[in-house]
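S.K.: So the chains spell out like this:
2 protein chains.
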Amino acid sequence: MANKNLTVALLGFGVVGSGTAQVITENQDRICRATGRGIDIRYILDLREFPDSPFADRIVHDFHIIVNDPEVDVVVEMMGGSHPAYEFSRAALEAGKSVVTSNKEVVANFGTELLALAAEKGVRYLFEASVGGGIPVLRPLAQDMAANRVRSVSGILNGTTNYILTRMFADGASFDAALAEAQQKGYAERDPSADVDGLDAARKIVILAAMATGLRVDPNTIPVEGIRHITEADVSIAEAMNCTIKLIGHMGFVDDKLSVWVAPCMLPRQNPLSNINDVFNGVLIDTDMLGQTLFYGRGAGKLPTAGAVVSDLVDIASHPFDAATALRWADAPADALASDPADELVCLIYRKGDAMPKTDWDPIFAENAQAVIAREVEAKDVIASGEARPIACYRMSLL
Amino acid sequence: MANKNLTVALLGFGVVGSGTAQVITENQDRICRATGRGIDIRYILDLREFPDSPFADRIVHDFHIIVNDPEVDVVVEMMGGSHPAYEFSRAALEAGKSVVTSNKEVVANFGTELLALAAEKGVRYLFEASVGGGIPVLRPLAQDMAANRVRSVSGILNGTTNYILTRMFADGASFDAALAEAQQKGYAERDPSADVDGLDAARKIVILAAMATGLRVDPNTIPVEGIRHITEADVSIAEAMNCTIKLIGHMGFVDDKLSVWVAPCMLPRQNPLSNINDVFNGVLIDTDMLGQTLFYGRGAGKLPTAGAVVSDLVDIASHPFDAATALRWADAPADALASDPADELVCLIYRKGDAMPKTDWDPIFAENAQAVIAREVEAKDVIASGEARPIACYRMSLL
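Listed in order, the protein sequences are those of chains A and B.
Under the numbering used here, the first residue of the first sequence carries the number 1, and numbering increases by one thereafter.
Under the numbering used here, the first residue of the second sequence carries the number 1001, and numbering increases by one thereafter.
The hints are simulated quantities; they were obtained by calculation from the structure and are not laboratory data.
Be aware that a few hints might be false.
DSSO-like cross-link-like pairs, simulated, lysine-lysine; straight-line CA separation at most 27 Å [claimed, not checked]:
1) A:K257 - A:K185
2) A:K4 - B:K1121
3) A:K121 - B:K1004
4) A:K4 - A:K121
With the hints as constraints, model all of the structure from the sequences given.
M.R.: See the structure below:
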């Protein structure tokens, strides 16, 4: 006796929404085989009409139709932005419907509250697509690593900045030229600030840190440094040190206190994250039992992101809500946080003054990355003196 | 109201067995938080006594004590070898107990039968630790990628051979010298044939292929080539081509027919598997929706393997048996298999005769990997003529 199909409503029929409808339709047979039931798309909420779409008859413009329909099991929120995505997610959970989202902004800012509401209502709130696009990483962290203490998570979490940095290293391009190329190829928005200034990566590392520790930190208060100030000179120095520069979101512990930040980092070539190029993402997780595990793949794109959304639907179709295993976060209390993230600061390389000819940097820091880290204290003194400014400010564990 | 603890019996108290006891004990609080219940180790079956172990009172020597005790929920088989591991696994499933194993030999050879028996009895048969050690890969393949069509899986699945090849490239060591070093470091057995001749990797790619397709092929009948014949000259040629050589287990499709094999492959440096060195493992999965995803980590070792075993226990503690989602394999019928795996053969590089000075190989094949592949037909003709022998016989998709 087959189970009843899972009935879903999609909020948003843009890139991810239409991709999700495509994955559900094209791979319905695989979904049935894996879960013992199918997935029916009952509604698609969008402001626009799609008269030529095979889903034209599913389009609605009023969220109340969805939230008031008791047949809808799951609301899939793919609208982006905090509002009304947050309000719609709350209302769906209040109505006893599970919610799946690709919206990292809502999860990073309101995840604690929405997970608590879901648990209270006996439904699921899942967001695999919010981090790492098509890379399965949140579910492995929650399930396969559940018996592990996560020591750290370090990730290349933003494809736009990784593309820009890759071009700067491959072609010697300036930041501005590489950004222009990324925009031309559709990898960067016209207003690229959420990507290049690190906010997108900040939301994602906040979600990863909360999955790893149960504690959510506010993405708007963690130290975040983007890549706008990286120059060709920094690239030359990194190359001379046999390193690369990547924008890293990091979660770790300093004296048992949680530390979460985003910054460009100098990575030795033997670090597995250093080989992740172009728009690819990678997440390196270090746990007490498994050691280092890397998850790598397409961090964005229509079908990868939609595939991650559908993996959450498959999870809901396979596993009913269980109060004993329901995911819950707490907002991190101030005393759980590392008080001064700069305590972790390691100036792997720094410049004196603004001009950056190669002769202007202190070669003692360029022998190799290990030697550089050994000079940590010295570097801090130089920076504190105001004589130099750091790039790649944070320690990375070296493989 | 907390659930009843999960009661387990460990078969084997060697490296993995003692590691599993350690993970369960040290991380009991995390297991409780994730699953809402604890794990009790009730018995440990071993031929030896362990008078100084904190688990001394749990040691038994008679499997019947375990299989006849209705309190035991899960039997964890970590004995290695086919017999009596297979018989004990069958008996445990027959008795209505779930079975978790790290034993790739049993899973690859008897997985179809044991999964069917488990489904019939309404219990679970799980084996995350049998492939990739501590790397979560089987569960992501079964769950996160369930709605995807898997186009191919390519993996560095054996740490011993990867260590040997890494040494040959890093130090210019011969195969024999690198093997001796691996043996000295405890990475290779005194009798290394299961590793260096590819059988271990064959069992693992058979398991991955079955997870991806539902079809199990016989690991004893697939084409398997090890690394014994790789010479320093092969290494030089690979380096001249900006490639590396890795022992790859591969599953893919040729004209919709399943093809599964193990062979040393020439990998261009941009292939993400080419950067996986030493005893690390990596699995690259290509699916229709997610594209390429790489899972990388420690493929062996006491705690990583034990961590994977415990991840299966966490799964069982969290999710009861469900007939609709129970994993089932079928033994692949002959007409589902690619008839001649040599159809896939690409001679990336070949030698004429036995001696291998650099001047003896045809430089036309050394321009770059793409050019080499373009010369596929020509290479086949040369090999067919008996004038040359191939290394790296199989096509790898190039990133």
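S.K.: Now look at each hint and say whether the structure bears it out.
M.R.: Hint by hint, here is what the structure shows:
1. For the suggested pair K257 of chain A and K185 of chain A, the alpha carbons sit about 41 Å apart, so the restraint of at most 27 Å is broken.
2. A C-alpha spacing of about 24 Å is found between K4 of chain A and K1121 of chain B, which places the hinted pair at or below 27 Å, so the restraint holds.
3. Using a Cα cut-off of 27 Å, the hinted pair K121 of chain A and K1004 of chain B holds, with the two alpha carbons roughly 24 Å apart.
4. For the hint linking K4 of chain A to K121 of chain A, the alpha-carbon distance of about 21 Å falls within 27 Å, and the restraint holds.
The earlier numbered hint that this structure contradicts is number 1, and it is the only one.
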